[in-house]
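Student: Listed below, chain by chain, are the residues.
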Amino acid sequence: MTLRPADFSPPFDARDYVAAPTDPEDERIEVGVLIVGAGPAGLACAIRLGQLLEDAPEVRERLGEVPVAVLEKGKQAGSHLLSGAVVNPRALRRLFRGRKRIDEMPFYGPVEHESVYFLTRRSAVRIPTPPTMKNEGNFVASLSQLGRWLGEQAEAAGAMILPETAAEKLLVADGRVRGIRTGDKGKGRDGQPLGNFEPGADVVGRVTVLAEGTQGHLTGVALDRFGLSGENPQVWALGVKEVWQVARPLDRVIHTMGWPLRAAAKYREFGGSFIYPMGKDMVTLGMVVGLDYRDVELSVHDLLQELKTHRLVRKLLEGGERVAWGAKTIPEGGFLALPKRLHAPGLLICGDGAGLVNVPALKGIHYAIESGSLAAEAAFGALQRGQTPWTPGVLAAYDDALEQSFVWKDLYEVRNMRPAFGRGFVLGGALAGVMTATKGRFPPRDLRLERDVDVELIRTDRAESYPAPDGKLTFDKLSSVFASGNKTRDDQPNHIVLQREVPQEIAELWGRMCPAQVYEAGSTHGDGTVTVEITPSNCVQCGAITAKGGRLTPPEGGSGPEYTLT
Amino acid sequence: MSTLVFLEHHGNELSKAGLGVLSKAATLGDSDLSAVIIGTGVRPLADEVGKFGAAKVYVADDQQLDAPLPQPRVDVLAQLVRDQGIDTVLFANSVLAADVAAGLAARLDAGVNWDLTDLVQQDGKLVGKRPALQDSVYVDVGWTSEPRIALFRSGSFDPNASGGTAEVEDVQLALEDFSTAARMVDQAHEESEGPSIEDAQVIVAGGRGLGGPENFTLVEELAKALGGAVGATRAVVDAGWYPYSTQVGQTGKTVSPKLYIACGISGAIQHKVGMQSSGVIVAINKDPNAPIFEFSDLGVVGDVHEVVPKLTELVKQRKG
Amino acid sequence: MRIAVCVKQVPEGNSRIDPETKRLDRSGESALNPFDANAVEEALRLEDAGGEGEVVLISMGPAKAQDALRKALAMGADRAVLVSDETAAGADLVATSYALAKALERESVDLILFGQQGGDSDGAVLWAAVADRLRLPVVSQAAEITHAEGKLTVKRQTEFGYDVIETPLPAVVAVSDAINEPRYPSLKGIMGAKSKPQETVSLNDIGVEAERAGEEGSRTEVYALNDPPARGDSRKIEDDGNAAQLVVDFLAEKRLV
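Chains as they are written, first to last, in the working numbering: chain A, 693 to 1258; chain B, 149 to 468; chain C, 53 to 309.
Quick caveat, the hints were computed from the structure, so don't treat them as lab data.
Among the hints, erroneous ones may be present.
Stated by the list, open to error - Calculated lysine-lysine pairs in the DSSO-like style (CA-CA distance at most 30 angstroms, straight line):
1) A:LYS1164 x B:LYS199
2) C:LYS248 x A:LYS972
3) C:LYS306 x B:LYS464
4) B:LYS467 x C:LYS306
5) C:LYS240 x B:LYS277
6) C:LYS306 x A:LYS792
7) C:LYS248 x A:LYS879
8) B:LYS199 x B:LYS458
9) C:LYS240 x A:LYS879
10) A:LYS1179 x C:LYS240
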């Protein structure tokens, strides 16, 4: 079988999501700077803008009644945020400029010890921590909680956060970004208006900042509209994690490689797991796997369940109870997959949406925060000098600042590591070692990235070793969706764009891939194809489907998971 | 202890739930157990109350008490509590009883615990047991003063006619002005179409195991035979087999009928949280590992297309 | 018509009981009790129909209950009063209804609306208690409300069908969730909510004496948490043609048929 998901691409056209404003001018909602996404990038942008505007009242006045607005599609800031996470506090320190101390931030404590293990089914071999993964001086955090806290800081700095608001279309007129159009609410399954139908609205601003996170909907639309994509495609990994209340505290940050992933190059299973302590009575653990995997039967959720049966992990969780679950994709292309530019007339792009993630170090949060802060400075600069933010080149100051920053330097140094692992764990590991030793000067010519959808599929009996869920240590997908706090309204339109009649293997690929059991192979047809059944209300908006042959668009605002501890 | 039990009636019959509470109160060893019946033309109902353990029955029979409205009943009960030195007032839950109990609590500044499924004497105190968090945990609750008011989940106790007679005493009415301000213009008639899913005491629900929308007739027939309502899972509503108004579950309705029969339903947690506090759960599914068997009282591993029609037939026969 | 809507916040996400206080753990994020959204919606509809008036939200809770109130303000309510006081913690129906009644006495309204109880809340049937303290008529389970000439006609949902009840104003009405489909706040509404008057008062401000507040003012207590009683032995049988009969026998044994 030489099937590739790329052969079944979704009927998605980015141009459908670009439009001129249609609401009459006096009904449009006008804000000064419009930020899409209340995650670390968007909120850092809002906080920095608040600082700058505090000292420039004449600029603030020109921005109107709502100088800074942050739109968030989740129920509140943090509802859709998920990460490991071990956070480098550098960007937070810079952002708050001494006005907030580390001990005032919602961290679970500094990283005191760390271990890296290479696992086999029955053993755990401690290996020296790769230099890119050293975490001294870093802090364990729940990104969801950090987001909630940053939201409070942003509001204190004068920003208005508008939750349950999905940004559905990019408003473009005269070649520049005017703002966004929010999604409708109160539509039924077939798109028909229900009794409490509320149409979307045009929200316009002088500058629009897209901080939507991984697989950002309008980010993808903007890259297309303004021709911003770089030479290499973006690639992603899927992370599935749980938070557990535990009987005994964990004293170290743990990373594992190896089992249950397979090292041979033909499988292309790049990734590993993380296990972090959250205070004395909680632990978070997750499995992260590159979406360039080849096996139809691979399921990251089930690999996480399998991981928990390893004696090293089982011991840590003994006597404990799962209290949360979630999933999200991570952009893994790094420097090589960055767009050509991160600005366009009236537009700035930050954070994971831009792909600012250091894969070997497993870090992205501090880059998101730094990029949000730099975006704020560029926007403020463009507004202050009396220049218009859409004059060509004005917002280029953002790209310039980013290129001078530690974000760029870090990403450049590790730019070839992820692509190296396409060659398999052992060779990839060796290559990565050389890259580290030469601080990125090796290899002399950059490697290339291949799209996740272009990977040819194979089938093994991988599913045979997934543990049957016992409801105590291991769990099925539906009860996990429940543990994500997802209570999405069923009676609304399907938000996932997908080809519905596909070969059985493709349907199975999607079914296994999705951690939330959104896709299922339905009725078969004579020619070996099946209808893909979709349960959109299960969706936790991780974005995996976009990497593997479909396209995720935002559902009705407020839908999706309600993360609090992830 | 001096306990008073509030008895409701509908038509010419005393409600079984209230008689059940009375029977339960009789087991608590209170020699001063009484009941109260309030309405119009209710005096004849008082005669059978003694059988269930009450030593005395108070009757408030007056035209002003005709409509089943709560506030005049609060007046009657408050008066009885004060005049007769009653320290415990018990109710079986209903729309009316809940309003009466809460109004009485405010009137007397008396503690009220509701949704109780049991009441016991523990360490010299009266302790109520009530479920919480969708029945996942049980809480022991009590009162810090008297009188104590308790509202029991409907159907918690079965009436037990162990014999005996009760003294009947008429109550003189002294109603507050505001209690009679609201008046009933039209009283509810029995629904002819079968109960709504929210009120039904029996629900028969169908899931994907039915195979197709045409098979929902099996569920409908059984529901009709049992006098119950039809429910559906999210999966079949999503697939368009049955309307959203019948969806039971986390994103649908939460129900707790006396009997819930799940046909072809796997029992994923999204469904479970909508029906797990049902009195008795019977599940029919051909997958022996379906999660629903972990929380059903009786599970049948079998084909719904075979078991359900047979069941309907047998139920019809039994009901004659 | 001037309408007060009593609303409360409920914890977001899956609820837990705090093992120390043995009460619902309300430390998580707060959201508007979804059933109260029906009450707010009904108040807005009645106000729209009547022409002029005001919809004021009354709530009791910690300071962050403001967030839940903001959603209701975003729907269109005019202002909010939050009774926030540490000494109110641990209040049961007796204490809560007393405080609410005091808060409502400060407002002179024609109608007081409540939402139906959420599944697991601590405050069941507050409306009847509040109505008694205010000496007002109360109608619960309202599935439809019509207002004409200073009185309300209410269709009330009971186990037996629908009653029709008339009551003069002022009155207390509790609405069922069947009464309406709450509107989504518009973006303008959400943005405007922040500038609507939100008053925070203490129990002292509204005249609630210390001994009638919180645990001290309550008349019930919680002793312990237990596991639920086992559902009893659950039986599983395989159908060999006989299962239907076994089911009927089982139901008969439980007196369900």
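Student: Check the hint pairing LYS248 of chain C with LYS879 of chain A against an upper bound of 30 angstroms on the C-alpha distance.
Tutor: Roughly 29 angstroms between the alpha carbons, so the hint for LYS248 of chain C and LYS879 of chain A holds.
Student: LYS1164 of chain A and LYS199 of chain B: Cα distance at most 30 angstroms?
Tutor: With a Cα-Cα distance of about 50 angstroms, the restraint between LYS1164 of chain A and LYS199 of chain B is violated, given a limit of 30 angstroms.
Student: Given the hinted pair LYS1179 of chain A and LYS240 of chain C, is their alpha-carbon gap at most 30 angstroms?
Tutor: holds (25 angstroms)
Student: Given the hinted pair LYS306 of chain C and LYS792 of chain A, is their alpha-carbon gap at most 30 angstroms?
Tutor: The hint is violated at about 64 angstroms.
Student: Given the proposed pairing of LYS240 of chain C with LYS879 of chain A, does the C-alpha separation stay at or below 30 angstroms?
Tutor: holds (19 angstroms)
Student: Does the alpha-carbon distance linking LYS240 of chain C and LYS277 of chain B stay inside the 30 angstroms limit?
Tutor: violated (47 angstroms)
Student: Verify the proposed pairing of LYS199 of chain B with LYS458 of chain B, using a straight-line Cα cut of 30 angstroms.
Tutor: violated (40 angstroms)
Student: Holds or violated: LYS467 of chain B with LYS306 of chain C, Cα cutoff 30 angstroms?
Tutor: holds (15 angstroms)
Student: Against the 30 angstroms threshold, does the CA-CA distance of LYS306 of chain C and LYS464 of chain B hold or violate the hint?
Tutor: holds (17 angstroms)
Student: Within a Cα-Cα threshold of 30 angstroms, do LYS248 of chain C and LYS972 of chain A meet the stated pairing?
Tutor: Answer violated: LYS248 of chain C to LYS972 of chain A is near 42 angstroms, above 30 angstroms.
Hints 1, 2, 5, 6 and 8 from the earlier list are contradicted by this structure; the remaining hints agree with it.
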